[in-house]
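Q: Given the structure of chain A, go ahead and fit chains B, C and D onto it with the hints provided.
There are 4 protein chains.
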Amino acid sequence: MKVRRIGLLTGGGDCPGLNAVIRAVIKTALNEHDMEVVGIEDGYEGLVLRRSRPLGLDDASGILTVGGTLLGTSNRSNPFGYPVERGGKLVFEDRSDDVAAYVQDLKLDALVCVGGDGTLSIAHKLFVERGIHSIGIPKTIDNDLYGTDQTVGFDSALTTATEAIDKLHTTAQSHHRVMVIEVMGRNAGWLALAAGLTGGGDVILIPEIPFKMESVCKVMEERVRRGKRFSIIVVAEGAYPEGGEPFVKRRVADSMESARLGGVGEWVGREVERMTGMETRVTTLGHLQRGGTPTPFDRLLATRFGREAVKLVAKGEVDRMVALRGTEITSVPLGEVAGRQRKVPPDSHWIACARSLGVGLGE
Amino acid sequence: MKVRRIGLLTGGGDCPGLNAVIRAVIKTALNEHDMEVVGIEDGYEGLVLRRSRPLGLDDASGILTVGGTLLGTSNRSNPFGYPVERGGKLVFEDRSDDVAAYVQDLKLDALVCVGGDGTLSIAHKLFVERGIHSIGIPKTIDNDLYGTDQTVGFDSALTTATEAIDKLHTTAQSHHRVMVIEVMGRNAGWLALAAGLTGGGDVILIPEIPFKMESVCKVMEERVRRGKRFSIIVVAEGAYPEGGEPFVKRRVADSMESARLGGVGEWVGREVERMTGMETRVTTLGHLQRGGTPTPFDRLLATRFGREAVKLVAKGEVDRMVALRGTEITSVPLGEVAGRQRKVPPDSHWIACARSLGVGLGE
Amino acid sequence: MKVRRIGLLTGGGDCPGLNAVIRAVIKTALNEHDMEVVGIEDGYEGLVLRRSRPLGLDDASGILTVGGTLLGTSNRSNPFGYPVERGGKLVFEDRSDDVAAYVQDLKLDALVCVGGDGTLSIAHKLFVERGIHSIGIPKTIDNDLYGTDQTVGFDSALTTATEAIDKLHTTAQSHHRVMVIEVMGRNAGWLALAAGLTGGGDVILIPEIPFKMESVCKVMEERVRRGKRFSIIVVAEGAYPEGGEPFVKRRVADSMESARLGGVGEWVGREVERMTGMETRVTTLGHLQRGGTPTPFDRLLATRFGREAVKLVAKGEVDRMVALRGTEITSVPLGEVAGRQRKVPPDSHWIACARSLGVGLGE
Amino acid sequence: MKVRRIGLLTGGGDCPGLNAVIRAVIKTALNEHDMEVVGIEDGYEGLVLRRSRPLGLDDASGILTVGGTLLGTSNRSNPFGYPVERGGKLVFEDRSDDVAAYVQDLKLDALVCVGGDGTLSIAHKLFVERGIHSIGIPKTIDNDLYGTDQTVGFDSALTTATEAIDKLHTTAQSHHRVMVIEVMGRNAGWLALAAGLTGGGDVILIPEIPFKMESVCKVMEERVRRGKRFSIIVVAEGAYPEGGEPFVKRRVADSMESARLGGVGEWVGREVERMTGMETRVTTLGHLQRGGTPTPFDRLLATRFGREAVKLVAKGEVDRMVALRGTEITSVPLGEVAGRQRKVPPDSHWIACARSLGVGLGE
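Residue numbers (the numbering used here), protein chains in the order written: chain A, 1 to 363; chain B, 1 to 363; chain C, 1 to 363; chain D, 1 to 363.
You may find that some hints are simply not true.
One copy or two, it doesn't matter: identical chains are merged, so the pair holds either way.
Stated by the list, open to error - Derived DSS-like pairs: lysine-lysine, alpha-carbon spacing no greater than 30 Å straight-line:
#1 Lys212 - Lys107
#2 Lys343 - Lys107
#3 Lys2 - Lys212
#4 Lys218 - Lys228
#5 Lys89 - Lys218
#6 Lys311 - Lys218
#7 Lys228 - Lys311
If you're looking for bench data, these hints aren't it; they were derived computationally from the structure.
Here chain A stands alone, though its shape is the one from the complex:
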């Protein structure tokens, strides 16, 4: 069956490279396959609330370098559990009927969903339960999706984090301070580990290795003995002390109110100051990691992913996620990746590198 029209949406937290994906999907669909592309607004919310618009070559123009997503996105708009206020209370309704009807009304032969684990799991469920021909494109700055070597957004977030650590280095050195920097990564430490290595961190704390403050402080003290009067500690937001539990769990929702509780970075900073007496400062990098122009690596990955998604649709291969394996672009069943997370394995070469270079891991 000839595919004539595809839908395209971006879901979950945004990251650099989404517009590059959108551009590649539009260009490949229109240039090579004579398909039409319909942009769904604000992730699955657009499918529930029936908000979309046609996308042409002009929409693909000038967006390669721009962060974010021109389609908008939303974090909490699962059509199988869509949040609605009823009598002053928030209840979750199944709106997948509406979604299926809208997809039919739009005459979409397939739906390309760019997102993280949440978005991709819903894409799979839409295929299984509603027969919607979904294709997933993996993006997350956390790089923790199963089935692909790398996700769109990771390299750009890593670059932002590395530049931040580079900046903190000189001020740490001038003031003989300990600088703690908290980067994103609730469940996996890819970003913190990579940024710690590329930024020359002295200690790296990740969720996969619950840390001991004694080990952390020992690194600082060892450095002082060697005449180094400053140190850099890179902490993933999901890291936690051995025997404790992740700070991120204390935040019921990612709202301003829960931000009040502070994160693991601040906690580590206070402990270092208390235990070593060394002057310490903490920087929580936050949403800067989602912004900015995508790096060349992410632009290329996004372009290759976007093109591949259209190719799969054209070949009638659906319910799959495009993926990077080594230098090749391939694809895996969405059902295999949905709901699974890729953590940093204990025998990771990155971890081995950290150890060889004398970086503390809080062990």
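A: Below, chains B, C and D alone, put in the same frame as chain A:
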């Protein structure tokens, strides 16, 4: 009297451009005036604890682009009130005798002090009370020193802040969120005002204009009416609500413990979320603003200031601060600038610009 | 008389900051003065060929960070001598009648012209000869306009040039090479002089100081004696050897054909290699200097200039150019600046700085 | 046999990431294996001329972010054919005896050689003919080494090239011009192809696909028809017109004199202007591509490679090159990679992407 040897120190919070000053001082002193330069380590602390080293042309090599200060700095080492622990208590002693003796032992004919208000006030006092031939070079990312149009570090911090706002823009837009960014500036709003204008902020809150949350929220709501589903609020850390008092005052010392209290940025974020129901995120830029390579503007200013300081010393003009007036480098008596702050005046052209462009000032 | 509608055009070579000017003009005109703004396309060409479009607040959105000009520009479209092909030959016709008619048809009460010397001279002539109420806004990466301390675009071009020199530094050092970098500046050396100072150049050659190759090579050799095995030479494209004439004059027009002749940078490179035997490489920075996002300095200057232009129009003050004087925005008669150039004066503080730091000027 | 002391050299053209390799080698060798590291200066030249110095942990400090190589490098210092002047003529002598003797005198158990094809081929020959225990680490911004998925330096050069194209985009658009940018790549088009994709080029010309100017111009004209008044052409320096031969061959040596001949970028620019009448400008990126701080990708790759090289030495595995395969670090025999080049294959996914997106390849 021929000046044969000068001391050079950097005091207070560090910023990009200090090494560029150091380079210009060394090169001018050695190349043009056949003076020797002695680097004092860690600001006035080095004068109290007798820590210094000779600086040659090789020390000036390769440092122009590097942030921070190769001499180190310290925040709380006033020789007229030097903190010492006595019987478990912190007391402040006058160590200016030691400083005068060390300056004499080092045979320093003059002392070039690079720093903010604190550093420069001490430089003036060292001249008045101890007869030390001080010259000041103004640096602070806050740009709030009296007597000069601009200070070393401001343009670089502004660039970091602007790049951060640029990054937040795309993610704000993708998520239809309000993004609050808190930048430095305890007493003056120069940095927040400039960054708000250069980053395209929708609301700018500065210490000089106590703000009303109603006015802030009105801007957000007006934007929603015009179809703009996101907003950017730039807040100086010293900004405060009308009738309230600055959050920074609640922090007894700039320590990890007081960081716990949170800043005005977080407070504004919570209030926006509470009053408008719009999803809000806060980024506190923090020490990133002190780091990184200096901008060309700061490198040029630092070079001109450093050279001018040596020229003044050579001419025997001391107890002065070098200054920028328009495009000219000049100097002013240290006594005139010490202890005074330059705030954003109500009739500032920058404020007029903000108003003309429709930027909210919380009024 | 109430001003109801203004025209806006950008002329001459583009530079970062033009869109920031456009944004400020639109916002100030619409928000504060209830004027309408008509964008003229491709500089004066749009006035001759009757190409324009209304500009609203939406056009001002998202352009602050974008280089170039959304209105387009053109280099050779003087309405008083408009190039037309007649019988296979290029002749220049006076089309100012057409321009005056179009301005009247569009019901423009005033015309804001953003440009360099050429654009501003025409703006003045349109006022004098055609009674068009022109206002000029100065922009050029060369910074050589009379009547203002700085032009829009200079700080951004300087930043691009400085970053380029920073990059060349490490490779020069690794290979023990002489690196020559040619930057823009046909008539004035502001950009080369500033970039040479901010990039740490060892020799700076500008049009204001015809150079001797012997002096240039002496610096290289002196550096070798001091153990430095590399050097950086920054050359303005308009620099020329004493007794010779500017290479740029050999290029009849700025076309590909004349590019073939090579510039002064390549010539200096060959001479250095020939005279000293040191391995030399040349980089001609070219159009990179016109591109990229504007720096905060340029964004702020552009915003202030754009706002001021509208204010002048509103007050009925025309035939003037907005200008920066120290930290103030002011204005000067267009007739005073048209046709004049601001060169680096021999007693410039920048030149004095270069000498103090031991930078060679080819003297 | 316990390895006690290793030599380390960097050869060939420099690139970002070399210092990151040096840092990883030093840290791994000293921290984990108690080896000593001797730095050989200026590539193989240091082995011939007996120039070296011990490298300690302090040498590894602060260099991660710095481009170039602290050891220096040299392009033409093959010990098997070392250039010497004899009686006014340049002759090439076999100095491998001297090298072997110096390696013995230094008591080096192994030699880590960081470089491109030339450097690695010599490393292999030193093993085969002189029994020196060589290990190779692949670096080149051209990414054309056999046996590894990526080389150190490529991602950084790609980033510089992409940023340059981003800058040219806005000025091309403002002036309705064709912009040609020539990037490095004498034998392989990896850099041009990647930069063309990541920079959004409209035409990409690489050595693997000899180009037809008619095809190039057709893309420009097609764009004009679609209302796009500008185009970007990315050319590898080794690209050449069908039936012609590479311009780089005309340059006998990479000297200033041969630079005079101009490159393929300028030729393409002139042809476009001649054939289409469209205004065209050319930028030759040149040595900027070798400079700057390494990207996070390159820092990580360099760190992993440097560590792996020491591990191989410690295990007694020599005459091998460390390599990236997918996400894994592995190694291959030096003999397999020496003298071979990795070109962009015709069925490359990157080429397929270019075609899908409608990018012209000059075919």
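Q: Against the structure, test the hints numbered earlier, and report the numbers of the ones violated in rising order.
A: 1, 2 and 3
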